[in-house]
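What follows is each chain in one-letter form.
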Amino acid sequence: MSVSLGELAVRFGCELRGDPGTRIERVGTLAHAQAGALAFLANPKYRSQLSGTTAAAVVLTAAAAEACPTAMLVCENPYATYARIAQLLNPPPAFEPGVHPSAVLSPGARIDPSACIGALAFIGEDAQVGARAFIGPHSVLLAGVRIGEDVRLVARVTLGAGTVVGARSVLHPGVVLGADGFGFAPERGTWVKVPQVGVVRLGADVEVGANTTIDRGAIEDTVIEDDVKLDNLVQVGHNVRIGAHTVIAGCTGISGSTTIGRRCMIGGACGIGGHISIADDVVVTGFSAIANSITKPGLYSSTLPVEEARAWRRLQANFKRSGLLAARVRRLEQASGIKSEQEPGDE
Amino acid sequence: MSVSLGELAVRFGCELRGDPGTRIERVGTLAHAQAGALAFLANPKYRSQLSGTTAAAVVLTAAAAEACPTAMLVCENPYATYARIAQLLNPPPAFEPGVHPSAVLSPGARIDPSACIGALAFIGEDAQVGARAFIGPHSVLLAGVRIGEDVRLVARVTLGAGTVVGARSVLHPGVVLGADGFGFAPERGTWVKVPQVGVVRLGADVEVGANTTIDRGAIEDTVIEDDVKLDNLVQVGHNVRIGAHTVIAGCTGISGSTTIGRRCMIGGACGIGGHISIADDVVVTGFSAIANSITKPGLYSSTLPVEEARAWRRLQANFKRSGLLAARVRRLEQASGIKSEQEPGDE
Amino acid sequence: MSVSLGELAVRFGCELRGDPGTRIERVGTLAHAQAGALAFLANPKYRSQLSGTTAAAVVLTAAAAEACPTAMLVCENPYATYARIAQLLNPPPAFEPGVHPSAVLSPGARIDPSACIGALAFIGEDAQVGARAFIGPHSVLLAGVRIGEDVRLVARVTLGAGTVVGARSVLHPGVVLGADGFGFAPERGTWVKVPQVGVVRLGADVEVGANTTIDRGAIEDTVIEDDVKLDNLVQVGHNVRIGAHTVIAGCTGISGSTTIGRRCMIGGACGIGGHISIADDVVVTGFSAIANSITKPGLYSSTLPVEEARAWRRLQANFKRSGLLAARVRRLEQASGIKSEQEPGDE
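Protein chains in written order, with the numbering used here: chain A, 1104 to 1450; chain B, 1104 to 1450; chain C, 1104 to 1450.
Warning: the hint list may mix true and false statements.
It does not matter which identical chain is used: a pair holds within one copy or between any two.
Claimed, not checked - Straight-line distance between alpha carbons at most 27 angstroms, and here's what the computed DSSO-like set of lysine-lysine pairs gives:
1. K1423 with K1296
2. K1442 with K1148
3. K1148 with K1399
4. K1296 with K1148
5. K1442 with K1399
6. K1442 with K1423
7. K1423 with K1399
8. K1442 with K1296
No lab work stands behind these hints: they were computed from the structure.
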């Protein structure tokens, strides 16, 4: 695959500075681009790499153009433009429509003739696979699953009975959608399993990372709206709803019956409690605990970064003595006749 | 499936208020129940939904009965009664006994004639599968695995050599039992692998969520006792023992050689250290660190919930200056002649 | 398998005290060793078990030898010596070279004749499998994967296109290497997928635990150097580099483009931010957040262990009132004419 800079400029609406005949064959980083590579500059942190770049051309904003020693494509959103050019240069692997002879199809399964069912896949009863969908090797679609058009299950994705996947969604290996939610009723010292009768519904353009799990609803459905992006090893409990365009980084867990708004950005390794509601446009830093509802857009955090261990032990000791310190301050206030503003109940 | 309210009242020992001939066909929520649906009220938080419910009948306690506008099943434990009725209405999918032609059986494997081996499953040498067990598609049972009666591996469960699964246990897709524990001995700057020769033993009535991992023991076994329920993406290290009836929510990790008592409830996304012991009846809130043994039953926490980021930065700064604040208080105490109660070693 | 103590002493360079003809058949713990078992003492915590041990022989240091009531192998590093003896007694399961008839090989795949391809494995186009490699049942190697000599994929490992695995590495069930990194460019309220064109490269002697995921690089590669050991359910983002001999415990997540040094030891359930750098020889306690670069070797922590919940609520309340306490101290200082050392901007 090779395309000229001139073609790229026209197709993606960029201002071209440099030779329109320059051939672009691949993408590269500013620092280590190979011959024929296109790089991009979006994060100002990497601006210093511009002058020494080995790229054949760079996608950047007008503001950065002056410092660029090579051909360039100038545009307003270099990262998105880079992404679209990279898609052109690196399309997903092509596939032949049809069902691999080693795949197992159950009665009632309906596979669009333009779809591909990979090696050793299992398609359960009455499952439906839409046009141009790619069901990678070792995928398991249990009974009644519905796969939209142009969906891509890379490999070894497991979809529980009744799962619905919207058009163009991409699911990575190890994903499990539609396992039972975690519901057990206590009764005389043991647990009674609560059947989980809802399903998982994914909207269109959703991406789900490797080994991420989304449980089916207890009674109603677990719903992931359009254009949601989940990273690897994310856990989504039953009855959760995640609003459109929200992105959630790896290792974050979301307890059951919680609603997350639209356009949120949740960092990695967060813990999100159950039965709460998070507003639209909420951003949370990684390794934070969201135990209560968040009602206003904004940036939230409870990340406590590491210290050198000796310093941390002192901080921890002070933290544990904080009540004692407050008592000492109160005594000083009493001795000096200063009235404390501390609210009652303070310890 | 449809059953009359009268039958349900008799079978589950409830007091029926309303028409015993009312047909129940499904379960539903108080707020959105469809025709013929049975709902339940257990959490007082949802009591306000009772008056407007669209359910045909509601399972609830006598205390809540007065406010219920529909037929009802009155009992002491509505959630457990609801669970049992939901099980009746939603039995696990039926299966035909036998081995799917695409499954691969190794020499010495013994499959009870009433069991089902799903499509593309692999059964290793000398593995045993008990009566009425369901080994879902794509499951892998390595050599010597033993599966009890009525066990259900939903799909794509992997059991390492020698794993033992007790009767009626349910394992969800992506579960890995019996991978090697994390054991390496340092030697001159590199690591020597320590063979992990124990196995994983699950008791009866255990449930293990999607993509959860339980490692085999280093020398002795990793043991999960009866009626333990593990959510998705939980990690259980080698040599761990989890006591009967304990439940652990998603994304929690348990380091090696730790013992957790009976009837514990561990929240999601907790980190539990190695070589410690947690007493019976311990409850831990989500996103807490259990670094040391807990010797008494009770409720424990180290969850720090998010704040708006600017407020959090101030709190964090104060936390880091806590030693300085203590020093200032000491100076004030000295100046005012007040003797500090702070213990020596305070900083 | 059985070997005499005399043979073990010679082969592993230990001083033998006791009968060289003693037969060792298995390993065991000091406390519960069965007949013919060899135990070891490395952790002083278990020294009290020595006098009552049921082991036939114990591996230990000269310093501990006096208290040992049985035969013993005395050496400098008992844990590593134990590990090597345990390897001798418990070799990985033997396998027959060849391709299982149920496996699916794609055109261009090159399998060394001494390698084993297990049942129901899928080998993609142009994939290469080296000498004596074991590709366990249900493994999926997508196009162009390269597997070194003596590699062992226990079962159900998924390797994305182009993944490279170095010699002698061991990958446990559920591992996913080479899924797409988490890269999306924002554009007018939606997300544009950024193609992930790098691959994952594992060095030699790497071990990767069950259900761990390592994403392919965005442009360049994600690199795991020699002798790195990753536990279960670890997430490694795109473009990450992990230095040789580093070990990372379970449930830890590493965000994209971060570099971790050599010989680091990262505890379980940590969260490591993106685009940072961690020096060689850094040790981090479990459940810590590493949000910023660490430039010096040493021990780091931000673990806050649980307290009884009522005590924790008080600590949490004090934490949230820390700004108020500082203000009260300032007022006391002003009243008493003591000049604060607190830096400006303090709140």
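Each hint, compared with the structure:
1. K1423 with K1296: Intra 40 angstroms, inter 40 angstroms, cutoff 27 angstroms: neither.
2. K1442 with K1148: neither (50 angstroms within a copy, 41 angstroms between copies)
3. K1148 with K1399: between (30 angstroms within a copy, 23 angstroms between copies)
4. K1296 with K1148: Answer is between: at 22 angstroms across copies they meet the 27 angstroms cutoff, but 52 angstroms inside does not.
5. K1442 with K1399: neither (35 angstroms within a copy, 40 angstroms between copies)
6. K1442 with K1423: both (25 angstroms within a copy, 20 angstroms between copies)
7. K1423 with K1399: Between copies only: 20 angstroms across, 31 angstroms inside.
8. K1442 with K1296: Neither: 57 angstroms inside a copy, 59 angstroms across copies.
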